[in-house]
Amino acid sequence: MLQSADADGNPSNGIQLDNNKLAKSAKAPANWAVASDNDLTALLSGSTSLKSESAARQHMTEQLGVYAGLPRMSLVGRYASGGTVAAPSLVAEIVAFHPGSKSLFVTVDTAAEPSSFARIDLSALPTAALANSTTATNLTAAPRVNVAAHVNGGGFTAGGVQSLDVSGNLLAIAVQSSPKTSAGVIAFYSLGSAGTATFLKKVTVGSLPDGVAFSPDGKYLVVAIEGELSSTFMTDGIDPDGSISIIPITNGVPADTAITLGFSDFNVGGSRRSELPAGVRIGRPGATVAQDIEPEYVSISADSKTAFVTLQENNAVAVVDLANARISKIFALGYKDYSTKNRIAASDRYAGTTSAVYNSPTQPAQLKNYPNLFGVYMPDGIATVTLNGKTYFLTANEGDDRGDFLTGASAETARFADLVASLDPTAFPAATVDAIKTAQELGRLTLMAKDANGKFGDTDGDGDYDRLYVLGGRSFSIWDAETGLQVFDSGDDVERIVYNNAADDVTKSAALFKADQLLGRLDNKGPEPESVVVGQIGSETYAFIGLERASGILMYQITNPRKPKFVQYVRNTTDLTDGDISPEGLKFIPAAQSPNGVALLVVGYEVTGSVAVYQIK
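For the sequence shown, the residue numbers in our numbering are 851 to 1467.
To be clear, the hints were calculated from the coordinates, so they are not data collected in a lab.
Do not take every clue at face value.
[As the list claims (entries may be wrong)] Quick list of in silico lysine to aspartate or glutamate cross-link-like pairs, EDC-like style, CA-CA up to 16 Å:
1. Lys1069 with Asp1171
2. Lys1218 with Asp1187
3. Lys1069 with Asp1187
4. Lys1240 with Asp1153
5. Lys1305 with Asp1274
6. Lys1305 with Asp1268
7. Lys1413 with Asp1284
Please model the entire structure based on the sequences and the hints provided.
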């Protein structure tokens, strides 16, 4: 039965049969290796290199999916702008879709064409998978539209486009100011039947507008106003307030002014201070809550009543009542325990301590548990879904810090090795520390070492670390939208799948396994789940998670939000230098709106400046 399900006949699928357990006169299928007693002894002793059990499980999960009727992703469309790892393109970081013209709209922010966007025609999208997927291109972009030419003036100078979204025939683009600490704007365009964009107006919002989302009913545009620190904060001390803007839309026409929802009521002495959960991380000493909160990404419930906004650096999600234009609550997301159930690959030098060894590993990273080690979810992307009448939100738990702005003694992070002298001796006995402080274990792991109160992890206030925290959850999570409680986390699935996927290709492309975006990020934030979207295919609901560093896309069936099923992992790169690198924006297009009649996932890649269109059926 298993062999009949092994549809691809892959001889390197990790499956080993023990001859002693075969039925009398039975033979192993030709494309399965048979493990002799000597092979099994060698495997147990570690003296031979055989495929891992988890690699075999992953392979068979994918193959069984073919027979279980699970949909599969295949690449049917691709646009490339010529970006590389050495010279990123800054094209197509964020993508949106206009069904009326069968067009994609993508951000463009290159040196030659700053503060712009482009249209990509999908009307002739095929259903056949592309051959030579890493080099093939069958999509082209129309001439760029220069947003700066439309919004500059009246004291405003465009400093770049951050994101965009489409609703009906309305396109909204978030434009940061130059400098970014000044008020940004939202540029609105009307879209014609052929995708022609006509500028309508600009609406002023706060400092550094980032994620934007239209409500499903088209009556609101919600904007995450990040209010990020000045690029020269260490000398000028400028830290604008973060906020959320709502722009009402009436009969397709946006209001002239935005409604601003700030967080100053949650400051010390503010009228809503008691409503701020203790778990909301305030990172910078001396910052108010309003300054420290940095809204990142927006998703809106199917009934258009509620917006969910990630507060990434604060490890929280803000919930917005759209009809009443009010922040109704803030959820603190808590922490992920790596001491028990969840495991982590925490060292880029797990293979050894000499460069010749750790730069050329021959086996995948080992996922392990460590005492008193926790992950701070710090999600970037967010999505909402309603299942059986109940609303949930999903998060891509990337992790982040302010290392670009807070430096020297103000830096928030430190490596484990630098904190050894400050560990609590009860929480971290000497023998335990000796075992985990090496470069092959936790020694090089980047940790969140500080917050506004001092040491981040000093739970009893005695000046040492009782717990240690890594940035991000290396996972995606599903949360109850009413209570903010977690109903599912993917645990160590992401790392296990990504590293085994790379390991399976060692003989084909050793460069992939050794790529800095995988190996070099183990001691930082790992594969970095960046974005998440959901979509319905038939009667089932699926989540798609983009992995920024691993350059892959994970697909899970989430119809039962408490027991999601892994379906597929795809990446369009052989060695993390070719093909499509660093997915940022994802867009699901249902079959009813799809140009080729099949559900699609569109992915914008920030490094290569490319767009991949995956067909799902």
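- Item | Hints violated by the structure (listed by number, smallest first) | Hints 3, 7 not satisfied by this model.
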